[in-house]
Every structure is written in C-alpha cells, then in structure tokens.
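Chemist: These protein sequences, in sequence, are chains A and B.
Residue 3 is where the first sequence starts when you use my numbering, and the numbers rise one by one after that.
Residue 3 is where the second sequence starts when you use my numbering, and the numbers rise one by one after that.
Please keep in mind that the hints were generated in silico from the structure rather than gathered at the bench.
It cannot be assumed that every hint is accurate.
Identical copies look the same in the list; a pair holds intra-copy or inter-copy alike.
Stated by the list, open to error - The list that follows gives simulated cross-link-like pairs (lysine-lysine, DSS-like), each with its CA atoms no further than 30 Å apart:
| no. | residue 1 | residue 2 |
| --- | --- | --- |
| 1 | Lys204 | Lys36 |
| 2 | Lys204 | Lys22 |
| 3 | Lys204 | Lys120 |
| 4 | Lys180 | Lys204 |
| 5 | Lys201 | Lys29 |
There are 2 protein chains.
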Amino acid sequence: MKPVNNETIVRQLNWRYATKKFDASRKIQTPDWKTLEQSLVLSPSSGGLQPWKFFVVTDPEVRAKLRGAAYNQSQVTDASHLVVFAARVGFAAADVQRHIDRTADVRGVTLESLEAYKNMMLGVVSRPAAQVDAWAARQAYIALGTFLNTAAMLGIDACPMEGFDPAQFNEILGLDKKGYTAVVIATSGYRAEDDGYAKLAKVRYSSEDVITNVA
Amino acid sequence: MKPVNNETIVRQLNWRYATKKFDASRKIQTPDWKTLEQSLVLSPSSGGLQPWKFFVVTDPEVRAKLRGAAYNQSQVTDASHLVVFAARVGFAAADVQRHIDRTADVRGVTLESLEAYKNMMLGVVSRPAAQVDAWAARQAYIALGTFLNTAAMLGIDACPMEGFDPAQFNEILGLDKKGYTAVVIATSGYRAEDDGYAKLAKVRYSSEDVITNVA
Numbered sequence: 003m004k005p006v007n008n009e010t011i012v013r014q015l016n017w018r019y020a021t022k023k024f025d026a027s028r029k030i031q032t033p034d035w036k037t038l039e040q041s042l043v044l045s046p047s048s049g050g051l052q053p054w055k056f057f058v059v060t061d062p063e064v065r066a067k068l069r070g071a072a073y074n075q076s077q078v079t080d081a082s083h084l085v086v087f088a089a090r091v092g093f094a095a096a097d098v099q100r101h102i103d104r105t106a107d108v109r110g111v112t113l114e115s116l117e118a119y120k121n122m123m124l125g126v127v128s129r130p131a132a133q134v135d136a137w138a139a140r141q142a143y144i145a146l147g148t149f150l151n152t153a154a155m156l157g158i159d160a161c162p163m164e165g166f167d168p169a170q171f172n173e174i175l176g177l178d179k180k181g182y183t184a185v186v187i188a189t190s191g192y193r194a195e196d197d198g199y200a201k202l203a204k205v206r207y208s209s210e211d212v213i214t215n216v217a
Numbered sequence: 003m004k005p006v007n008n009e010t011i012v013r014q015l016n017w018r019y020a021t022k023k024f025d026a027s028r029k030i031q032t033p034d035w036k037t038l039e040q041s042l043v044l045s046p047s048s049g050g051l052q053p054w055k056f057f058v059v060t061d062p063e064v065r066a067k068l069r070g071a072a073y074n075q076s077q078v079t080d081a082s083h084l085v086v087f088a089a090r091v092g093f094a095a096a097d098v099q100r101h102i103d104r105t106a107d108v109r110g111v112t113l114e115s116l117e118a119y120k121n122m123m124l125g126v127v128s129r130p131a132a133q134v135d136a137w138a139a140r141q142a143y144i145a146l147g148t149f150l151n152t153a154a155m156l157g158i159d160a161c162p163m164e165g166f167d168p169a170q171f172n173e174i175l176g177l178d179k180k181g182y183t184a185v186v187i188a189t190s191g192y193r194a195e196d197d198g199y200a201k202l203a204k205v206r207y208s209s210e211d212v213i214t215n216v217a
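Please work from the sequences and hints to get the whole structure.
Modeler: Structure representation (structure tokens):
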C-alpha cells in the first residue's frame with residue numbers, strides 16, 4: 003500500500019514546468035497554501051538546523067517593487083504567491099543553541115542529554131564564515147525542491163527563479179537587518195491558458211547521461 | 003481533482019526522517035527505484051541546465067570504501083541504494099551548448115531559434131569560477147530535495163548526508179577525472195525496526211517562526 007503511486011508521481015513531475023505566465027485572477031486556496039507552507043516548515047535540512055526563513059509576499063505594492071528588482075519578470079506580480087527563500091547569514095553557536103532548546107522542548111528531554119548532538123552540530127559553525135553561509139544557502143535549495151515538488155503533487159504551478167537582485171530584495175524586505183539574505187525565490191499559482199511554455203516538450207538529458215550505476 | 007491530496011502529502015512529510023539505521027535485508031524494488039531515478043532526471047534546475055550527475059552505488063566493495071570516507075556511518079553500506087549527487091566543476095560555455103543541442107533535438111527546433119535563450123544561459127557561466135561552482139552545487143540540492151520528497155511520497159526511507167569527505171569520494175568514484183565533484187549524498191531503503199530515531203518527535207520551528215507573511 004503505497005501512499006502515492008508511481009504513475010502519479012512521474013506524471014506530475016512531467017506535468018510541472020517553470021511557469022512563465024500565471025493567470026493573475028486565480029489564487030491558491032487556503033487549504034492548499036497551508037500544505038505548501040507545511041512543505042517549507044517540514045523540509046529536511048542538515049542536522050535539522052533549519053538555517054532559513056521564508057518570506058511570503060502577497061502585498062501588491064511590495065510585489066511591484068520586487069518585480070523591479072527581478073528583471074521585471076511578470077511572475078513576481080502575477081502569481082498567486084511569492085516565496086523568498088532566505089538563508090541565515092553568519093549562522094553561529096547561538097543558532098545551534100536555539101535548535102537544541104527547541105529539541106529539548108519538543109521532545110521533552112533535558113539539555114544535558116543533547117550535549118553530544120550539540121557538539122556535533124557546533125562543528126558546522128566552526129568552519130570559515132564563507133563556508134557556513136554557502137552551507138546555509140544550500141539548505142534553502144532543499145526547501146525549494148520540497149516546495150516545488152509539493153506544488154507539483156497538488157497540481158499547482160510554480161516557477162523557481164534565480165534572476166533577481168538579492169541586495170535589492172534584502173533591502174525591500176529588510177532581510178539584512180534580520181540576519182538573513184535572499185538566495186532564491188519561487189512564484190506559485192496557476193498557469194495562464196496562453197503560456198506557450200506549458201506546451202513545450204520537457205528537456206532533460208537521458209537517464210543514461212545523468213545516472214551512472216556503480217554496480 | 004487533485005493528483006495527491008493534502009493529507010497524504012503532510013502525513014508523508016511528517017513520516018519521513020533522516021534514517022539512521024536501515025534494514026540491510028530490504029531492497030528497493032525495481033519499479034520504485036525507476037521512479038526515484040526519474041525524480042533525479044526530472045528535477046528542476048536553473049535554466050534547465052542540469053549541471054549534475056548522479057552516481058548510484060550498489061557495489062558492496064565500493065560502498066565499504068565510501069563508508070570509510072563517511073565517518074563509518076552504517077547507512078552507507080546498509081541502505082538499499084546510495085546516491086552521490088555530483089555537481090559539474092567549471093560549468094562553461096560548452097555545457098550550455100550541450101544543453102542547447104539537446105533542446106533543439108528534443109523539441110525539433112533549429113539552433114538559430116534558441117540563440118536568445120543560449121545567450122541568456124551564457125550569463126550563468128560568465129561569472130567568476132567560484133560563483134559558478136557554488137551555483138552548480140546549489141542545483142544539486144534541488145535534486146536532493148526532489149529525491150527525498152519522492153521517496154517520502156512512495157513510503158520509502160532515506161537519509162541525506164553531508165558528513166563525508168568529498169575529496170575521498172571523488173577519488174574512489176573517479177569523479178574529478180570526469181569534471182564533477184560530490185556535494186551531498188543520500189542513502190535510501192527501509193528503516194530497521196529498531197531504529198530508535200524513527201520514534202522521536204520531529205523537531206521543527208513553528209510556522210510563525212520560519213514563515214513571515216508580507217501581506
């Protein structure tokens with residue numbers, strides 16, 4: 003008894019595409035958006051450390067400003083929802099402690115019992131700052147993958163986007179003051195009927211080209 | 003008519019966890035593995051450029067060597083499958099051209115018609131080498147997210163792992179000679195009945211803590 007059958011998964015992974023034109027009149031309904039939110043909250047991350055925040059922008063004025071900082075791409079204003087994936091800058095021992103405190107709280111265990119785990123996690127922050135920031139940014143991309151896949155399983159469109167100016171996004175959303183930086187964004191909603199990109203064949207290398215079996 | 007209902011998605015995202023102990027006797031069956039392979043092949047990436055290869059290691063001797071380069075973690079030998087996510091090193095104009103050629107082939111269009119798209123993609127490779135490599139590594143994390151989620155939807159366990167020595171992995175698998183580098187790995191299979199980690203409550207920050215609505 004599989005939770006989701008193989009055919010459904012492969013069909014939806016083929017169905018999804020980076021939506022270029024959204025139907026601005028269609029909004030994601032609340033129960034579906036709650037599921038997409040949960041996919042962000044529940045996303046895996048290294049050591050479970052969740053070095054991220056997600057900014058969900060629905061304010062039209064802010065969206066218009068962000069569009070100006072994203073090569074004027076229409077998805078930024080026309081999609082139902084816009085998620086800015088922000089990674090922690092300078093993730094440090096205090097962030098590890100915050101996670102340890104949360105773990106003790108959720109699991110009802112003592113801080114002492116988490117000491118070995120904590121010391122292992124502190125290894126992450128003992129690396130040079132640039133490496134730690136790169137690590138945090140990578141984690142945000144796991145959340146992006148989780149979000150895009152969840153949308154596909156729900157039959158909701160999405161478009162991941164790297165074409166934007168992080169510095170301007172940080173400024174507009176006040177992210178730097180909070181200790182975060184925008185690393186990637188995703189717009190989500192429903193494709194416009196006349197988005198020609200929806201009809202194009204998906205371009206992927208063959209399995210043989212990207213998968214090497216060491217057997 | 004949703005492809006997958008909300009409850010199933012949220013339940014499976016809660017069901018999954020970073021499996022610490024696999025049942026070494028249980029193997030992922032071929033139809034399920036094919037679906038997991040497809041999740042790698044079909045994973046989104048920036049511009050669809052797929053700057054990656056996936057090395058699926060089932061050879062027990064190679065797995066034993068890799069375990070030695072991964073802090074002796076048991077998942078590396080005991081899981082049904084091991085995937086090494088490798089990012090392209092020095093992704094360059096020739097890689098863009100390869101993708102353009104593939105696009106022309108799959109869509110049956112002329113190379114000339116793809117000229118504007120190609121020039122946009124060449125923007126990716128015009129950045130400093132370290133930035134391009136960091137970009138490629140991030141894409142591999144989208145594929146990781148896609149893989150982990152697909153496994154969860156199928157009710158198959160997995161464990162993403164950053165705790166390994168990339169240089170040794172590259173050496174053992176001959177990745178550097180191929181122009182790739184190991185960035186993250188995932189083991190997949192079925193949890194051992196006595197993996198105590200399966201029973202622990204999942205630790206996540208609250209929605210309010212990680213999601214900020216700009217509305």
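Chemist: Does each hint fit the structure? Answer for all of them.
Modeler: These are the hints, each one checked on the structure:
| no. | hint | verdict |
| --- | --- | --- |
| 1 | Lys204 x Lys36 | both (29 Å within a copy, 18 Å between copies) |
| 2 | Lys204 x Lys22 | within (14 Å within a copy, 36 Å between copies) |
| 3 | Lys204 x Lys120 | between (44 Å within a copy, 16 Å between copies) |
| 4 | Lys180 x Lys204 | between (39 Å within a copy, 26 Å between copies) |
| 5 | Lys201 x Lys29 | within (22 Å within a copy, 38 Å between copies) |
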